[in-house]
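Student: Could you fit the two chains together into a complex? Lean on the hints.
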Amino acid sequence: MRRQGLKPPGAFVRLSEAYRQQPSRWGPLLTTVIILCLVSFIHWAGGHLNPYQVRILNLIGINIGLGLSLNLINGFTGQFCLGHAGFMAVGAYTATLLMMPPAVKQMNFFMVPLVAPLRQVELPFLAALLLGGLLSALMGVFIGAPVLRLRGDYLAIATLGFSEIIRIVITNIRSVTNGALGLKGIPAYTDLWWSWGFALLTLVVVSRLIHSSYGLAFKAIREDEIAAEAMGVGLFRHKMLAFTLGAFIAGVGGGFLASLLTTIDPNMFRFTLTFEILLIVVLGGMGSITGTVIAATIVTVLKEVLRGVEAPMDLGFVSLPGIPGMRMVIFSLLLIVVVLFYREGIMGRRELSWGRVLGTRDKTPDRGADT
Amino acid sequence: MDLALFFQHLANGISLGSLYALIAIGYTMVYGILRLINFAHGDLLMMSAYIVFYGMLVFALPWWLSVVLAVLLTAALGMGIERAAYRPLRDSPRISVLISAIGVSFFLQNLGIVVFGGRAKAVYRPAWLAATIDIGGVSITTLALLIPGVTLILLLMLSHLVYRTKTGMAMRAVSRDYDTARLMGIDVDRIISFTFVTGSALAAVGGIMWALRYPQIHPMIGVMPGLKCFVAAVFGGIGNIPGAVLGGFLLGIGEIMLVAFIPNLAGYRDAFAFVILILTLLFRPTGLLGEKMAEKV
Chain A
9 MRRQGLKPPG
19 AFVRLSEAYR
29 QQPSRWGPLL
39 TTVIILCLVS
49 FIHWAGGHLN
59 PYQVRILNLI
69 GINIGLGLSL
79 NLINGFTGQF
89 CLGHAGFMAV
99 GAYTATLLMM
109 PPAVKQMNFF
119 MVPLVAPLRQ
129 VELPFLAALL
139 LGGLLSALMG
149 VFIGAPVLRL
159 RGDYLAIATL
169 GFSEIIRIVI
179 TNIRSVTNGA
189 LGLKGIPAYT
199 DLWWSWGFAL
209 LTLVVVSRLI
219 HSSYGLAFKA
229 IREDEIAAEA
239 MGVGLFRHKM
249 LAFTLGAFIA
259 GVGGGFLASL
269 LTTIDPNMFR
279 FTLTFEILLI
289 VVLGGMGSIT
299 GTVIAATIVT
309 VLKEVLRGVE
319 APMDLGFVSL
329 PGIPGMRMVI
339 FSLLLIVVVL
349 FYREGIMGRR
359 ELSWGRVLGT
369 RDKTPDRGAD
379 T
Chain B
44 MDLALFFQHL
54 ANGISLGSLY
64 ALIAIGYTMV
74 YGILRLINFA
84 HGDLLMMSAY
94 IVFYGMLVFA
104 LPWWLSVVLA
114 VLLTAALGMG
124 IERAAYRPLR
134 DSPRISVLIS
144 AIGVSFFLQN
154 LGIVVFGGRA
164 KAVYRPAWLA
174 ATIDIGGVSI
184 TTLALLIPGV
194 TLILLLMLSH
204 LVYRTKTGMA
214 MRAVSRDYDT
224 ARLMGIDVDR
234 IISFTFVTGS
244 ALAAVGGIMW
254 ALRYPQIHPM
264 IGVMPGLKCF
274 VAAVFGGIGN
284 IPGAVLGGFL
294 LGIGEIMLVA
304 FIPNLAGYRD
314 AFAFVILILT
324 LLFRPTGLLG
334 EKMAEKV
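Protein sequences, first through last, are from chains A and B.
Take the first sequence: its letter number 270 is residue 278 in our numbering, and every next letter is one higher.
Take the second sequence: its letter number 206 is residue 249 in our numbering, and every next letter is one higher.
These are computed hints drawn from the structure, not numbers from a lab.
Derived CB-CB ranges, DEER-like: (1) A/Q61 with B/P131: 33 to 41 Å; (2) B/L53 with A/M248: 38 to 46 Å; (3) B/V101 with A/P320: 18 to 26 Å.
Yeah, the Cβ is synthetic: ideal placement off N, Cα and C, and Gly gets one too.
Chain B on its own, in the form it takes in the complex (with noise of 0.2 Å):
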């Protein structure tokens, strides 16, 4: 294989892995402050293309205002599970707030069916994106370019807003330790609320460039991408950001490079992530950059 297709594969890799990497920081926060696999968290990204597809083409809006109103709307959705399925079992088992999780995925899609019919809808992609540009003989669409761009840019946003701000500060102190952080006066709740606007609206975005991706939705484009993202937060160190950019990344080159080197394996590109999950939960559970942490009694 030459080099020219070698970079063709790892652009097509680095494209889908930013993608990953978006959604997985979302798993990676909520995880970080309350040890909940938000289960929910892939559909997120299901309503999110939704609603851009029904505004661009039901109601008409511009594609910029659809855009914003998607992730304004799932950043709200993603409060609002929070307040109404996860808040009241603060003081439960951790397994309750797994199961309620699982039923609100469960909701989430079967929702969308209702509402938005179990038939998969084509997406309409903006001739430009779909444009390819040359650089030293690898031919890359715009779209592939587009993806890690704004990846990109919403990362630096986010290292500012966790790592500069007196609110990211409050972020790390909570999940750090949960108690003393209330004790020092930290509004926990208002915390948590804000961590889950913040990686619904990451998933949101994650969502609307996954089916320009993938120019087609149906109610259960969320449930893999959602579950892959998890791997790939797990794959870096769970509660770890970095981590799940590292993850995303890694993931997304790994799964492209698998089916690009070895076809006859192609088949076998879902199970991928699954395998690594395995991998990842028995050699290093805390993952990639994870610190380590002693189990307590």
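Same shape as in the complex, but just chain A (with noise of 0.2 Å):
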């Protein structure tokens, strides 16, 4: 094996400089006003912007929550996992079969019929959500249990392996998942609340989890996994902790694209699904909240301008034709490029804090620019 650069001895003194966050008195005031700001522009929104404009905030916001699930897992706690969109299929499927009402899921249905339980059941959007984010997040356990002990990219091969396994399972039992034909007429209760509501909320779960000792021990076990044992860090405890709330997120967003889109298929829990919330951490800086949220607004709102890519133009003198599949090219030249000259994404380990912003700050060396 070859040495990656020799660790700086002070891996926690780094961590616990960046600890020392001077807040900005303004602070709590400020992050209010947003709060404010955002809900008055979502109440203006459903009103005033045109359904295509509020699907991409919707996409946006349950962008966020899908990209700071993995990046918790990925960024924060340094497992390389690539099966998110494994999770997501599940909370997807579960939340789909439990809100849809017994009319619809008899229509969907007409190859096989759903197995009994599940024929007459219809829950409220909450429930289901909740409830498809919990299974998401047994299976979690599940396959966190064993996989959870490799490392590097045996775990991001295992996990993978997982997710296309997830995929595959959902593909054959035809009786609950009506298999490769998907589930459509999705009851569509995804909307900017819903949405935004979800990426608010995992934004304050996700950073008030990475401020608290588990996140501690959560960054402790990325810089330096047997160092991190050796300072008492419950290595097990807290990769466990970390994946399976990561899973909770991505199978709770699952059951919010499901309802926005209204139709899913295992066609679309492919590994394509697991690269574009990959491209989001990536992009935004493995290990920064504030980078994860910008990352996400960037690449939804490019994967539709880069629409106009793929359709036809027509420039009044000369028509080009669309190049279908030019979106992927570009998102993966994207990652690619990123990875080789700008490692650290937008934001790196840093955050966008008030007092950064304000430029009341001290200048304490938080640079997360290790490894």
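Tutor: Spelled out as structure tokens, the structure:
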């Protein structure tokens, strides 16, 4: 094995430095103002923006939540997992089957009838989402328990394998999931309140967690597993916590996505879906909450803007044919370029805090530019 | 189930397994040297199949010339990928290189969609390849005989290269200890390039035979074989060439037998490999033939 550069002696010292945050006096007030602005914006947007714009805003909200959940596992705890699509699939299917009205279910399952217990169930949106999240978290426990012993690329490929297994099982159990036909006519409950509520709640939960003693343990594991263990950090317990919570959020996010798109099928939950969320995390910076928020916004908007490349263009005097598939070419190049030249992403491991924005913060050396 | 039928399935499994083996070697060689899962390996297979397809049908080249061109171009592509996307990250954390590899894989797939179109294309398969030969009640297509034959020849060539030549010795040295190999005067960059060329050329041959076996190509054909062959490499002991061959054969035969003997599970065919992967990682992370590696602090 090759060395990867000497680890500075004081990984923990640096961490504690990063923690000596100088909260701006105006911080809480400004946060409240921002949240109020967001609330009034959502209130305004519901009536004034067209459905397409609302849909993009919804996607941004959901992607923020999903990105944060993956960043919790990959960025903050340093466990590089590629199984998010699987968790989202579990959440999406569970929530869909629980909230879909019986009549719609009957229309969907015309090839193989739905198993009896699910046939008449119709739960409210929130209950369906939470149960979807819980089942996904349960899967997280089952998968995490054996797999989290692995490290680095082995962990990545094992979680990817599990995610593929989930997808293949969903394709095959037709009496529950309707197989490859997918499910159509899912009630469209997701609106801006739900999606941005999800984003905001995830943001609060993840940032509270990161700034708690658990968060310190996560980061210690990321920096050096063996040193962390020697310092008394329970590796398995903390990895499981991050992984299961990530799986829960991914499951809930999957439920939101299903209700936003109103149709799901197993092919949606291929590795490509994980790739898109991974792009958000890497672009924003592995280990930065605000970075993920910014990147989720950029990627979601860019994905819509680049639709223009794929659609035929009529410039008046000449009409260019659309290039289907070009968006993903650009996205994959973007990922490569970020990794090659801007490995920190937009924010690295830094956060955008009020102190930083207003410039009132003292210049503590918190550049997380290590390894 | 009678014996003839069993042998029929076995022959089919060996044919598939030798394909897996061929592709798994590329993974194992790259992993042995760089400790990198080359996600783009499966997509090289797709590229090679498309080059033959375009060579024969669009540019009307003779088949042997198309095949040679495909192998050369794919090898060059593999080398180029290493230069552009992996080499600048030689001293970065391994995860960065992995992310770069994922990016390259998606880039190739989607480039395939843009350049070749997303619709599947039917591959022309000469009639003599589909002809069946009867051996003791077991009827085998010429192709099912050809694939293990080609694999065997390539394996012999590879083992000569790795175990009998100076370059091969250098490759083994680099995979054993990168830094020491460099101190011993081995041009590590050249050896790594050479490894990528070899692995990619094998993947190219694998891709052509894959396209003949399942005569339909689309930009995503590399994904499943790529993942499965990585599993084969891990199963056999990653970094170990005989291990990759063994893993490939066992995986191919196992997959065919699963479908043949338990038809109810046919839909889970693709999951089989991943179950093997997870069992391997849990119970024997070093694989069947892998050496034990102590975790260094």
